[in-house]
Amino acid sequence: MKLKRFLLRYEPPGVGLEVEDNGVTDVRHKDLRRAAEVRSTKHINMVVDELIAQEPTILVKHRATLVQLLCRLYGIESGSADTTGEEAQADAHSPREEQRKPAPHHTSPAESSGLQEGQQVVLVGLKGDLQVHNGELGTLTKLREEKGKYEVLLNSGVTRAEILKFRSPDNIVPVVPSGVLIVGSQAVMRGLHNHPELNGCFCRVVRHYDGAQRFEVRAIDSGLHFRMKPDNLLPVLPCAHSLNVVLKDAGEDESPQSGASDRSSAPFQRGSIVQIFGLKSTPAFNGQLAEVLSVDCTKGRYAIRLRDGSEKTIRMGNVRLASGPASFHRMRAPAAIDSRLWG
Numbered sequence: 001m002k003l004k005r006f007l008l009r010y011e012p013p014g015v016g017l018e019v020e021d022n023g024v025t026d027v028r029h030k031d032l033r034r035a036a037e038v039r040s041t042k043h044i045n046m047v048v049d050e051l052i053a054q055e056p057t058i059l060v061k062h063r064a065t066l067v068q069l070l071c072r073l074y075g076i077e078s079g080s081a082d083t084t085g086e087e088a089q090a091d092a093h094s095p096r097e098e099q100r101k102p103a104p105h106h107t108s109p110a111e112s113s114g115l116q117e118g119q120q121v122v123l124v125g126l127k128g129d130l131q132v133h134n135g136e137l138g139t140l141t142k143l144r145e146e147k148g149k150y151e152v153l154l155n156s157g158v159t160r161a162e163i164l165k166f167r168s169p170d171n172i173v174p175v176v177p178s179g180v181l182i183v184g185s186q187a188v189m190r191g192l193h194n195h196p197e198l199n200g201c202f203c204r205v206v207r208h209y210d211g212a213q214r215f216e217v218r219a220i221d222s223g224l225h226f227r228m229k230p231d232n233l234l235p236v237l238p239c240a241h242s243l244n245v246v247l248k249d250a251g252e253d254e255s256p257q258s259g260a261s262d263r264s265s266a267p268f269q270r271g272s273i274v275q276i277f278g279l280k281s282t283p284a285f286n287g288q289l290a291e292v293l294s295v296d297c298t299k300g301r302y303a304i305r306l307r308d309g310s311e312k313t314i315r316m317g318n319v320r321l322a323s324g325p326a327s328f329h330r331m332r333a334p335a336a337i338d339s340r341l342w343g
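For the sequence shown, position 155 (counting from the first letter as 1) is numbered 155 according to UniProt numbering, and the numbering increases by one without interruption.
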């Protein structure tokens, strides 16, 4: 899928994304905030973040272009935007034209990673004594990428301010300022007191239940599905840095495992009893038995049913055969971990 150009609508404010997919061109219309709600570059950045969260695949590389276009749309002067040279048409700005513009003379490392001082961030991937802070929200108060210095002020509400110092940005991920969760966007699990091993884990929002005020999410590392409250999720800001951290985290469970089924071997048959293993971010599921319900060889995943009756999807490389096709007797009482997460 390729983004061809942006189309602006001034009244009411909106933007169209002209995309081409397999030779077919389509325009996706996005309604924006009213002009009365957007009065500064800070508001512009919030609107841009909301747009990118809706279409991260095609928009994450065009943030600078969106900022310039929306500043023009709302009539706000952008001090950081490069406005020299001949302007593109207001209703048809091509990403290719943006790429031909000369790069700014002073591009900081923070801009290339997507991290900025004062940004709201969530902590992930912490080990040892710091593991208790996974999923906590904080503010990036100091950023010296060339020296490998990062400081985060925790927003934990404790009486004494707590600042954590890092040598790498791999544990720091920016979040969407508005906090809006959108189906298809990525998020980080947080605030799970009964299952702290899930805090700081990346997931993708796959469904919203209006009546129950819950979101169904799929853990990126294991493929397991959970139903969670909005307070237990933080939407990740789509940017190059976030994507790199997500991919690194997802790759932890993808190394070949002895005895595991993968795409190169014959998949387990429907009805086979398998054992889950090798999950690092959600180790509580390791060792549990499940029944194979279906096989998706294209995605390399199984749909499985655990003994408590809940159904999940999981990578082929994280299950091994326990027995061949046979009847699978469920437990009468639901497993504690699932009843709490899916309640």
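Simulated from the structure, these hints should not be mistaken for lab results. Remember, it's a predicted structure, so these values are computed and weren't measured experimentally. Backbone N, C-alpha and C define an ideal beta-carbon position, used for all residues, glycine too. Do not rely on the hints blindly, as some may be mistaken.
Cross-link-like lysine-lysine pairs, in silico, DSS-like; alpha carbons within 27 Å at most [said to hold, decoys possible]:
#: 1; residue 1: 61; residue 2: 4
#: 2; residue 1: 61; residue 2: 42
#: 3; residue 1: 147; residue 2: 127
#: 4; residue 1: 2; residue 2: 299
#: 5; residue 1: 61; residue 2: 2
#: 6; residue 1: 142; residue 2: 61
#: 7; residue 1: 149; residue 2: 229
#: 8; residue 1: 42; residue 2: 30
#: 9; residue 1: 149; residue 2: 4
#: 10; residue 1: 42; residue 2: 127
#: 11; residue 1: 127; residue 2: 30
#: 12; residue 1: 149; residue 2: 165
#: 13; residue 1: 229; residue 2: 127
#: 14; residue 1: 30; residue 2: 4
#: 15; residue 1: 2; residue 2: 30
#: 16; residue 1: 127; residue 2: 142
#: 17; residue 1: 165; residue 2: 142
#: 18; residue 1: 2; residue 2: 165
#: 19; residue 1: 61; residue 2: 30
#: 20; residue 1: 61; residue 2: 280
#: 21; residue 1: 165; residue 2: 127
#: 22; residue 1: 127; residue 2: 61
#: 23; residue 1: 147; residue 2: 165
#: 24; residue 1: 299; residue 2: 280
#: 25; residue 1: 149; residue 2: 127
Quick list of the computed label-pair ranges, beta carbon to beta carbon [to be verified]:
#: 26; residue 1: 45; residue 2: 296; range: 12 to 20 Å
#: 27; residue 1: 271; residue 2: 128; range: 20 to 28 Å
#: 28; residue 1: 128; residue 2: 2; range: 43 to 51 Å
#: 29; residue 1: 141; residue 2: 322; range: 14 to 22 Å
#: 30; residue 1: 145; residue 2: 58; range: 41 to 49 Å
#: 31; residue 1: 294; residue 2: 30; range: 19 to 27 Å
#: 32; residue 1: 178; residue 2: 269; range: 28 to 36 Å
#: 33; residue 1: 76; residue 2: 296; range: 42 to 50 Å
#: 34; residue 1: 129; residue 2: 45; range: 32 to 40 Å
Hint compliance check: list the failing hint numbers for this structure, sorted ascending.
The structure breaks hints 7, 9, 10, 11, 18, 20, 22, 26, 27, 29, 30, 31 and 32; every other hint is satisfied.
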